[in-house]
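Colleague: Below are the chains, spelled out letter by letter.
Protein chains: 2
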Amino acid sequence: MKIALDVLGGDFAPMANIEGAITYLTEYGNTASDLILVGDEKVINSKLETLSFNSSKISIEHTTELVEMHEKPARIFKEKPNSSLVKSIQLVKERKVDAAVSSGNTGALLATSLFLIGKIPGIIRPAFAPFIPTNKGGFILCDAGANANSKPQHLLQFALMAEAYIEHLEKKINPRIGLLNIGVEKNKGNELSQSTYPLLEKHIDNFIGNIESRYLFEGKVDVVICDGFTGNIVLKLIEGIISHLFEWIENLYTTHENGTNLSSEFLSILKEIQNNLDHEEYGATPLLGINGVIMKSHGASSSRGIHNSLIATQKSIEENLTNDIAKRLTIQADIIDSKQNETNPV
Amino acid sequence: MKIALDVLGGDFAPMANIEGAITYLTEYGNTASDLILVGDEKVINSKLETLSFNSSKISIEHTTELVEMHEKPARIFKEKPNSSLVKSIQLVKERKVDAAVSSGNTGALLATSLFLIGKIPGIIRPAFAPFIPTNKGGFILCDAGANANSKPQHLLQFALMAEAYIEHLEKKINPRIGLLNIGVEKNKGNELSQSTYPLLEKHIDNFIGNIESRYLFEGKVDVVICDGFTGNIVLKLIEGIISHLFEWIENLYTTHENGTNLSSEFLSILKEIQNNLDHEEYGATPLLGINGVIMKSHGASSSRGIHNSLIATQKSIEENLTNDIAKRLTIQADIIDSKQNETNPV
Chain A
1 MKIALDVLGG DFAPMANIEG AITYLTEYGN TASDLILVGD EKVINSKLET LSFNSSKISI
61 EHTTELVEMH EKPARIFKEK PNSSLVKSIQ LVKERKVDAA VSSGNTGALL ATSLFLIGKI
121 PGIIRPAFAP FIPTNKGGFI LCDAGANANS KPQHLLQFAL MAEAYIEHLE KKINPRIGLL
181 NIGVEKNKGN ELSQSTYPLL EKHIDNFIGN IESRYLFEGK VDVVICDGFT GNIVLKLIEG
241 IISHLFEWIE NLYTTHENGT NLSSEFLSIL KEIQNNLDHE EYGATPLLGI NGVIMKSHGA
301 SSSRGIHNSL IATQKSIEEN LTNDIAKRLT IQADIIDSKQ NETNPV
Chain B
1 MKIALDVLGG DFAPMANIEG AITYLTEYGN TASDLILVGD EKVINSKLET LSFNSSKISI
61 EHTTELVEMH EKPARIFKEK PNSSLVKSIQ LVKERKVDAA VSSGNTGALL ATSLFLIGKI
121 PGIIRPAFAP FIPTNKGGFI LCDAGANANS KPQHLLQFAL MAEAYIEHLE KKINPRIGLL
181 NIGVEKNKGN ELSQSTYPLL EKHIDNFIGN IESRYLFEGK VDVVICDGFT GNIVLKLIEG
241 IISHLFEWIE NLYTTHENGT NLSSEFLSIL KEIQNNLDHE EYGATPLLGI NGVIMKSHGA
301 SSSRGIHNSL IATQKSIEEN LTNDIAKRLT IQADIIDSKQ NETNPV
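Just so you know, the protein sequences line up as chains A and B, in that order.
For what it's worth, our numbering labels the leading residue of the first sequence as 1, then goes sequentially.
For what it's worth, our numbering labels the leading residue of the second sequence as 1, then goes sequentially.
I should point out that these hints are in silico values taken from the structure, not numbers from a laboratory.
Take every hint as true, because none was put in to throw you off.
Derived, one-sided and incomplete: chain B residues facing chain A with beta-carbon distance under 7 Å: (1) Glu191; (2) Leu216; (3) Asn232; (4) Ile269.
Glycine included, every Cβ here is placed at the ideal spot set by N, Cα and C.
Can you make the complete structure from the sequences, with help from the hints?
Modeller: Shown next as structure tokens:
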């Protein structure tokens, strides 16, 4: 297996990305995938010289163009064809690698993947489906922001794709799928959720109904389905509240603090929770619905995050997630039919 | 001044409601508003007998019908005309009181208020705008669930009403208004937020642009505007995460705990934060846009919550919030005009 790693994407690129690649190779030894490091050859080589690793597993695709976070995603492919982000996806298109991983701009990754690789036949919209860790197991949030505007038919497909993904990720048979809503009754919510409910009820085996955001953390659901606008608000709100609360606790702690034992005890509890909540623990997330394995790792990935992202990528290739989604769509042929109606509106 | 208190609404009714009323009267003495306790006369009297208070300030409106949380809000007015919730609002309509407070079903409170009292002339949709406390001052979230579906024009009016409300509540001049969105750039978001941005930019003096949910807690915004579906998801998510995290910390603490000093120190920090985050500290929130003062207190209000809700209600009456919103609409006449276009679509 072969993976392209975008060395220039992310807040701590390129050093964290290169270090993460090497610790991955070291840990996996002979069973590691071959890596193509996509980025500035000079920088990569000078970093590699300081490290020891199995050089037969690494090659470099030289490129220097950078994609910035503020750039318009849809234009990247045309304006930055030699960026590490575009080149990594190009390698998947040309079948030179089995997957690409990037910590770069999510929108650019998505738009470029759509342009170069396209969607799994039958899929209307791709989706972004990160795993949200909690004290009770966590859940997949889908869509967490690939689409700003969504229709009921899209949400149904998100459910189908996320179901396949969590079955691969967690080896969970028949995961529980819930629709994010503002009440539990079937008729609750906005026009979108009201129209989506009966579709999920009809097509999704283990649909458990609506779930309110207040109860997301109680371990009652494995996949939470919503439109990408709401999902992105939820994703970022969780990060925001948690960091706000921890900062608050630490500030108060500094005020109250009166002994070393207390310090270590208190901080070890906070640390334990932070480790569990850490996005880096779970590595990268596939862009569901793209006809190839394109993995997005967190923009703030350290070398540990990149290391775990490469493990997650290897797993996605091995588990053949893309094919499995395609197969599920064939079984649920009526979902594809509706799509064809939609893309050719009268 | 006179306030009707729905004694039968809320998780801890009627006892918490009656106790809250009495502590309010005791604290405010001669400056307290007169209270009409709306509920079961027998129950109220038997409770009042155990308490000491200024009886000239209290009267009872007898009624026994209960509104349950699961009932269809729109039907309450017809199906439960003798409920304490409907009767409290009826008293406002008949001008027998200056305001009503209820911890009952928010939807029922809203639908009944709309039916009996109606909206401030020019307002298209009322809004629910609770105050969200943070370590950096907190913010008003509007709309937090009065409307499942919203249009750009509605969001503009929400901004206008919430601005008036926070000026009254916090005596804050020119509060900073932000639009909840999934990116900061003007063109980001879904169709609703994209269309709302230019309206806010044009009509709202201190519009600071889009704000991402990740940054809601950093004290950069006083009013956060969004549609009621998203707002309700945000409101309940904040409650859900905070209680999840505290439970988690307490569980770990129980595991780690090894001394009494640690216990009191640790728990005092958590308690300090919980007190700050406590909805009861802030009492009730007015239903903005209703042509009268109808205050919603949290469903889980204890006597302290009711006590603080009565204080907030007295303030809303004194500050003449309803009239102020109406006046602002007169100044911004173009906002009303657009409304008339909308209700009479071609």
